[in-house]
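Q: Now for the letters of each chain:
2 protein chains.
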Amino acid sequence: MKTPKNKHIDLTAAQKLIKNRKRPIDPQMLSAEILAGNTIALSRAITLIESTTSAHQKTAQEILAACLPHTKKAFRVGITGVPGVGKSTFIEALGMLAIEQGKKVAVLAVDPSSTISQGSILGDKTRMERLTADANAFIRPSPAGDALGGVARKTREAISLCEAAGFDLIFIETVGVGQSEIAVHQMTDFFLLLKLAGAGDELQGIKRGIIEMADAIVINKADGINTIAAKHAKTEFSRALHLYRPKASAWQPKIMLCSALKETGIDEIWQTLLEFEAHTKANGFFESNRQDQNKYWLQATVVNALKDRFYKDETVKQQLPKLLDAINTGKVSAFQAAQELLKNFK
Amino acid sequence: MKTPKNKHIDLTAAQKLIKNRKRPIDPQMLSAEILAGNTIALSRAITLIESTTSAHQKTAQEILAACLPHTKKAFRVGITGVPGVGKSTFIEALGMLAIEQGKKVAVLAVDPSSTISQGSILGDKTRMERLTADANAFIRPSPAGDALGGVARKTREAISLCEAAGFDLIFIETVGVGQSEIAVHQMTDFFLLLKLAGAGDELQGIKRGIIEMADAIVINKADGINTIAAKHAKTEFSRALHLYRPKASAWQPKIMLCSALKETGIDEIWQTLLEFEAHTKANGFFESNRQDQNKYWLQATVVNALKDRFYKDETVKQQLPKLLDAINTGKVSAFQAAQELLKNFK
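From first to last, the protein sequence lines stand for chains D and Y.
The numbers in our numbering rise by one with no breaks, and the one at position 136 of the first sequence is 136.
The numbers in our numbering rise by one with no breaks, and the one at position 289 of the second sequence is 289.
These are calculated hints, taken from the structure and not from any lab test.
Possibly wrong hints are sitting among the right ones.
No copy labels: a pair is met if it fits in one copy or bridges any two.
Claimed, not checked - Listed below are the simulated EDC-like cross-link pairs for lysine to aspartate or glutamate, each with C-alpha atoms no more than 20 Å apart in a straight line:
id	residue 1	residue 2
1	K317	D292
2	K295	E340
3	K103	D10
4	K262	E100
5	K322	E287
6	K307	E275
7	K103	E275
8	K346	D26
9	K343	D292
Let the sequences and hints guide you as you build the complete structure.
A: This is how it looks when you write it as structure tokens:
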């Protein structure tokens, strides 16, 4: 056994650590620990899910298979907002309130850019000091990965494990890079857009498609001198939402004000979440939406794999640039080019 | 040769018709006629494109191949609006103005539901009497077909043929069934949403995602007692658009009022189209967007074909319902189910 050379390290502790690290993982035992609510086991299992080693992946899938049948469905809340909007403070305030109401709260994140930017959201747990210290909370930063598909799969599986461990309220946070809001929307029951109050121009930052996904738009930092601007923003958003058709959930999206820092408006948001859950469970949308989401991820995984096989095909790789050029110079139509590619694929 | 039995029919004319019908189509000759601007030849070629007979399809592709290299790029304008909003009257007013300005105008439609509803849009050419009678206009109803993919392909090819025939302004109309607006948006340079003025509640009918696609929202029937409501609607839409990020085209979408029937506001809309065309041609968006669209249709065609092969596979067909059930009852994850399906596919 190799021992650390640095003499400042406690040799006994280090050897114990190394021994534990080498001990093979027993998926059945780890699953049992997760189902018993052990968050250290939960953490280890999520690490396996996030691992790129195929042995770890195999173990992770075994754990997942053992946990899935015993998984109780949590209420999953997606939260998006640009950096600086106060997501961590907001989640801490809302999460602590939920814990007071008897909930067990997990916080996960989808941030496909975290490996590039080196600034993983939730990476700094000190931003959620109270939640981090609470036995009824579990916080996990975004898994590393540059492809959204991979990050989404890992997060979906982490959700299942959190549910297996008894967490009944799960927040999934995203800063909205690329298509990550769509991914989070497709894995949550409730989608919340966090915004800042501010001058008219600051409102012009909403990504296309986000307003329509939102079940609630919460304007944060609505305190002190910001209060008037926040109320104005609320009116603007109410008008904008008013233009859209009713949602499939038959839920009328809410616009709310809060100050996560001063903890004002948080209770109203919590009530709204409960109201939405009751509303969609009563009208059947909660369950049908979950089934649609399952179908969505099944189909998305299939399509991604098929596209992957196709675009990695040598003939396709060789022909594609030439054909794109031929389309753009008007030599063939996009459909003819596609047929040409498909003809030579298997 | 069979001759008609009905004695009221002119025998000579009937025989000539039958003879012509049986005459094989020469793709080279038809292409030359199209390129010379012959709308009868154009019409025949589009009929071939729409045909499901494989011999016709083959000829159609030959004609297309012969025409594509000589195709001048028209300005393509997508127009969407619910039935009753006055699309035909609007297109007639705008089209006649464009013809006065020296343009040649083609009107096509994407309506995947037309075979089901039996009520093809543009089917009744009498709604556009003046355009129908004008030598510089060409009107063609939506091709039949229940799958949007097929209708989209046919329409894209019809657009190319119209461009080959010298039409330099092409309207593509849709009532917005299913995903048809997205298809039309992906085959046009400018996307126009036609709305009706009315009480606040009437505004609540906009499909999600449409506002963000619009380069202009035109409120029609803004005349007489509707004027006040129309102005109010204009303010509401301006506020809503204000919430979004600037578009990739760097074009600020316009909200305009018009009365297609009284022909007020039409000139302003025409000026807006010209302004947009100049703006996007100057900043390079016009060309880059066309290239993105070509890529989009190539990829969409590939994905559709791959999905088609996959979901028509016997093993997949057999496994899919069982696996969906297994996901919904929590036995496997969506990703595991997808892997299972993919494993057994080729």
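Q: State for each hint whether it applies.
A: Now for the hints, and whether the structure bears them out:
1. K317 with D292: Between copies only: 18 Å across chains, 34 Å inside a chain, cut-off 20 Å.
2. K295 with E340: For K295 and E340, only the inter-copy Cα distance (14 Å) is at most 20 Å; the intra-copy one is 31 Å.
3. K103 with D10: Neither. Shortest intra-copy (39 Å) and inter-copy (85 Å) distances fail the 20 Å Cα cut-off.
4. K262 with E100: Result: close within a single copy only, 17 Å intra versus 64 Å inter.
5. K322 with E287: between (47 Å within a copy, 18 Å between copies)
6. K307 with E275: neither (41 Å within a copy, 39 Å between copies)
7. K103 with E275: within (16 Å within a copy, 57 Å between copies)
8. K346 with D26: So K346 and D26 fail the 20 Å test inside a copy (41 Å) and across (34 Å) alike.
9. K343 with D292: neither (33 Å within a copy, 23 Å between copies)
Violated hints, listed in ascending order, are 3, 6, 8, 9; each of the other numbered hints is respected by the structure.
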